[in-house]
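Assemble chain H onto chain U, guided by the hints.
One-letter residues, chain by chain:
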Amino acid sequence: MATPAAVAARGEPAYRPRTGRNIELALLLCAVAIAVFGYVEVGINIDDRVPPDAAEYGAALGGLALVAHGVIRWRARYADPLLLPIAVLLNGIGLVVIYRLDRATPGSHAAPTQLLWSALGVGLCVAVIVLLRDHRVLRRYAYSGALVALVLLVAPIFFPAVYGSRIWITVGPFSIQPGEFAKILLVIFFAAYLAAHRDALALTGRRIWRFTLPPGRVLGPVLLVWAAFIGVLVLETDLGMSLLYFGIFVVMLYVATARTSWIVIGLVLAAAGVVLVGWLSPHVHARVDQWLHPLASVEAGQGANQIAQSLFAFAWGGVLGTGLGLGHSILIGFAAKSDFILATIGEELGLVGMVALLLLYLLLVSRGYRAGIALRDPFGRLLAIGLATIVGLQVFVVAGGVLDLIPLTGATLPFIAQGGSSVVTNWIIVALLVRLSDLARRPLPEGEA
Amino acid sequence: MSTTGRRAGLFCLVLILLLAAQATRIQVFQAKGYDNNPANQRKTIQRYAQPRGDILVGGDPVTGSAATGGRYAYKRTYPDGPLYAAVTGFSSQTYGNTQLEGVEDGILSGTDNRLAGWALWDEISRKQHPGGDVHTTIDKAAQQAAVQGLGNQKGAVAAIEPSTGRILALASTPSYDPGSFAGTSTADQHAWTELQADSDQPMLNRALRQTYPPGSTFKVVTAAAALAGGTVTDINAPTGAPYPYVLPGTTTPLVNDTSACNQPNLDLDTAMTLSCNNVLGYLGVQTGLDKMVAMAQDFGFNDPKLDIPVRAARSNFDTRMDQSQLALSSIGQFDTAATPLVMAMVAAGVADNGTVMYPQLVDKLTKSDGSTVQLMRPKVYQQAMSPSVAGQVQQLMTDVVQNGTGTSAQLPGAVVGGKTGTAQHGVDNSGTPYAWFISWAKPAGSAAVPPVAVAVVIADSDATDVTGGRLAAPIARSVMQAVLAGKSQ
Numbered sequence: 001m002a003t004p005a006a007v008a009a010r011g012e013p014a015y016r017p018r019t020g021r022n023i024e025l026a027l028l029l030c031a032v033a034i035a036v037f038g039y040v041e042v043g044i045n046i047d048d049r050v051p052p053d054a055a056e057y058g059a060a061l062g063g064l065a066l067v068a069h070g071v072i073r074w075r076a077r078y079a080d081p082l083l084l085p086i087a088v089l090l091n092g093i094g095l096v097v098i099y100r101l102d103r104a105t106p107g108s109h110a111a112p113t114q115l116l117w118s119a120l121g122v123g124l125c126v127a128v129i130v131l132l133r134d135h136r137v138l139r140r141y142a143y144s145g146a147l148v149a150l151v152l153l154v155a156p157i158f159f160p161a162v163y164g165s166r167i168w169i170t171v172g173p174f175s176i177q178p179g180e181f182a183k184i185l186l187v188i189f190f191a192a193y194l195a196a197h198r199d200a201l202a203l204t205g206r207r208i209w210r211f212t213l214p215p216g217r218v219l220g221p222v223l224l225v226w227a228a229f230i231g232v233l234v235l236e237t238d239l240g241m242s243l244l245y246f247g248i249f250v251v252m253l254y255v256a257t258a259r260t261s262w263i264v265i266g267l268v269l270a271a272a273g274v275v276l277v278g279w280l281s282p283h284v285h286a287r288v289d290q291w292l293h294p295l296a297s298v299e300a301g302q303g304a305n306q307i308a309q310s311l312f313a314f315a316w317g318g319v320l321g322t323g324l325g326l327g328h329s330i331l332i333g334f335a336a337k338s339d340f341i342l343a344t345i346g347e348e349l350g351l352v353g354m355v356a357l358l359l360l361y362l363l364l365v366s367r368g369y370r371a372g373i374a375l376r377d378p379f380g381r382l383l384a385i386g387l388a389t390i391v392g393l394q395v396f397v398v399a400g401g402v403l404d405l406i407p408l409t410g411a412t413l414p415f416i417a418q419g420g421s422s423v424v425t426n427w428i429i430v431a432l433l434v435r436l437s438d439l440a441r442r443p444l445p446e447g448e449a
Numbered sequence: 450m451s452t453t454g455r456r457a458g459l460f461c462l463v464l465i466l467l468l469a470a471q472a473t474r475i476q477v478f479q480a481k482g483y484d485n486n487p488a489n490q491r492k493t494i495q496r497y498a499q500p501r502g503d504i505l506v507g508g509d510p511v512t513g514s515a516a517t518g519g520r521y522a523y524k525r526t527y528p529d530g531p532l533y534a535a536v537t538g539f540s541s542q543t544y545g546n547t548q549l550e551g552v553e554d555g556i557l558s559g560t561d562n563r564l565a566g567w568a569l570w571d572e573i574s575r576k577q578h579p580g581g582d583v584h585t586t587i588d589k590a591a592q593q594a595a596v597q598g599l600g601n602q603k604g605a606v607a608a609i610e611p612s613t614g615r616i617l618a619l620a621s622t623p624s625y626d627p628g629s630f631a632g633t634s635t636a637d638q639h640a641w642t643e644l645q646a647d648s649d650q651p652m653l654n655r656a657l658r659q660t661y662p663p664g665s666t667f668k669v670v671t672a673a674a675a676l677a678g679g680t681v682t683d684i685n686a687p688t689g690a691p692y693p694y695v696l697p698g699t700t701t702p703l704v705n706d707t708s709a710c711n712q713p714n715l716d717l718d719t720a721m722t723l724s725c726n727n728v729l730g731y732l733g734v735q736t737g738l739d740k741m742v743a744m745a746q747d748f749g750f751n752d753p754k755l756d757i758p759v760r761a762a763r764s765n766f767d768t769r770m771d772q773s774q775l776a777l778s779s780i781g782q783f784d785t786a787a788t789p790l791v792m793a794m795v796a797a798g799v800a801d802n803g804t805v806m807y808p809q810l811v812d813k814l815t816k817s818d819g820s821t822v823q824l825m826r827p828k829v830y831q832q833a834m835s836p837s838v839a840g841q842v843q844q845l846m847t848d849v850v851q852n853g854t855g856t857s858a859q860l861p862g863a864v865v866g867g868k869t870g871t872a873q874h875g876v877d878n879s880g881t882p883y884a885w886f887i888s889w890a891k892p893a894g895s896a897a898v899p900p901v902a903v904a905v906v907i908a909d910s911d912a913t914d915v916t917g918g919r920l921a922a923p924i925a926r927s928v929m930q931a932v933l934a935g936k937s938q
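Residue numbers (the working numbering), protein chains in the order written: chain U, 1 to 449; chain H, 450 to 938.
For reference, chain U alone in the conformation it holds in the complex:
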């Protein structure tokens, strides 16, 4: 054994901080292998043969993973080694399940399309990691970003409604959901605004009973943003998104100011919003009824509605699931690949698969929070926590809806549900978290320790 002195004498550094890059590579290979295994299993279970494009599919996913890994080695070598493998695994599971549902819908080719969108997402992820050397740059664009976000959110009002919601922009064969991208811009805005004004928000204001209300000039813009977004979203009847935005907003406010009064105000506003929307929109009213009585349509002799079908799928899966390709979640109908994709996972992979999936999300969220808590600049900290909260809340809103835990709102399960805008957005979130965690984990320069 060489003594440290001897090592130092040979010109090697006495201390090499662990970057975790090799762990990341190993985990990536596992993630790709799991996805390929799932793909093959679908083929064997449904067609009794390995899907002919299994190798190409594995190569594509593996290639994307390796490119992203290489770029992280090059530009973010201290980044959290779990972020990329979790994202690749989730995306891979999504592709497998979408492929599986394609096989149950003749003429459907959603999986190749999703793979293309995933490639675009990884491409943008790589671009963000390469181009964005320091996240603090984003602060400069916070207000213009918020404006863009508003425009993005308003735009779908001018396009036709799809399944009762105006949340898509359709150009020829392409349709995107701009609200997805707006999420990131909004979190950046919130982070920048709160980082700048957190002292005012936290320390000043009038005291009413046990709560201290923030002064109007600080509270004003916050309420304005809330009203603008909720208003737009109500017009588009996209409840999932409004719930999500609102939740993120309240969480970030609380983290920034440490004031419980914000939570109270938030809950009051939320309750008011829910009552208002429930009163104005029969659509929402119906959703609440279905949530409380998922089997009412069955009892009325009208057959099972989507929620009932979703519950049937979960129940049929039981603890161990039917096996990929062997369930009948296609009975759910048109949203089986998007809003209800979790039901397929519940049916074919069982409770075991569900818990594994929830743990993956939990790990992703906790890694985001870890990066945030380790960062010392308030903007970066709020940004990381905000981005992680997007993922966590979105999982809750979607999964809670299809599991009949909360009223169904209609939103995409991060990385897994069919939908280009969603996949691309989530890859950008991962890119930002990679960037933030790189800074959070980077060893301090000499003398600063």
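Just so you know, the hints here were simulated from the structure itself, not pulled from any lab data.
Treat the hints with caution; some may be incorrect.
To spell it out: a stretch of chain U is covered by chain H in this simulated footprint if at least three of its residues, at any positions, have a beta carbon under 8 Å from a beta carbon of chain H; those stretches are [unchecked claim]: (1) 311-320; (2) 339-351; (3) 354-366; (4) 396-407.
We put the beta carbon where it would ideally sit given N, CA and C, even for glycine.
Chain H in isolation, oriented as in the chain U frame:
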């Protein structure tokens, strides 16, 4: 901010734990309820995901399966549907399963645990077993003879092998094609609706599920009870029965169909041969309610759970009656009602020297590879009477066919015993009488137990002269002939 950040993180953790808890609730604790919800198609999809096992007659399937290309991948087919409908019942994707298709559904659909090789592993891997087969006891020739004999009359036939209780024929007409509504199409629904609306009730299994007043065929039971109870010791000795016999406690005499009966003190053999109501009514009363009830129940009356394994309707012989009612019941009237199956048990019990065997429709259950899951062994239902009493009743029945009302059941080269019945029904007996015949047959000179006993009923015939001897006996004869011909080969 790090404290609040941690708290917010904890909040996310709680949210995801809530999801896991809800998933557990649905997938573990509430799963069974959702699986069994009638609006959940999964069980039906699974049931029809593979070809159903078959019901076999003489080793050949009388059922089949056809790929549908739909969500329910396979549906039931019946190559000779109407012929075996009373045996098989139906298996319909829309209307469920009945009779053998229903009772043995676990074997046929592959869900029965006995089909599992490694129960625990199969449970984990959710392996679905290929459907097993149900081998029936039906004799193809006897069944064909029964259905052909019934033709387009409304009626039923039940034939039994007396020594084992194996059911050789089970026919009910008019019949139906269970394959016509096996699927889910509008044509299937139409066929079903039409069958349900048919006033002739083609889907009623008259051999098993319908009771009729047995009329004079019940006199076999009365004679057996009289002999077993000591009321009569010699079938050729005068019985002391009066003529006219006035129903006790009334002023109504029990009339006969034939004037040859109209004399007092006839012997039992003559009374049976001519089917004299006054004698058998008198003997029933002399024998007493308790002994009559016991004898009837030994043959299967009043058994609410007669499962062959398809459940037969309960045949009735009242256990509380006054003497006039008992007299009427003793000649198969009043509240007495029997399924053709139970009347076949009466004939079979007499033929098998007094031992009534439990009727069985299923021989064995096998896996799809032919290995046996369960073998049905003959079971004794009751020892109704001693062999010597049975011998005397056999003599009475033989005489009916040789010299009496049942001559049209005679078979060359065979010893045939039988009893006719023509049962009144309807208000003031206004309905067309039911024509009955119960019998057994064995090759002449054979000392063995007769290989076949049969009961035939014709309800609502168009014929002007309705008697059991004229309408029902020829059908019984052709069924017995089919079985005897099969045995002699």
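Hint check:
1. 311-320: holds (count 9)
2. 339-351: Holds: 3 residues of the stretch 339-351 of chain U have a Cβ under 8 Å from chain H.
3. 354-366: holds (count 7)
4. 396-407: holds (count 6)
The structure shown violates none of the earlier numbered hints.
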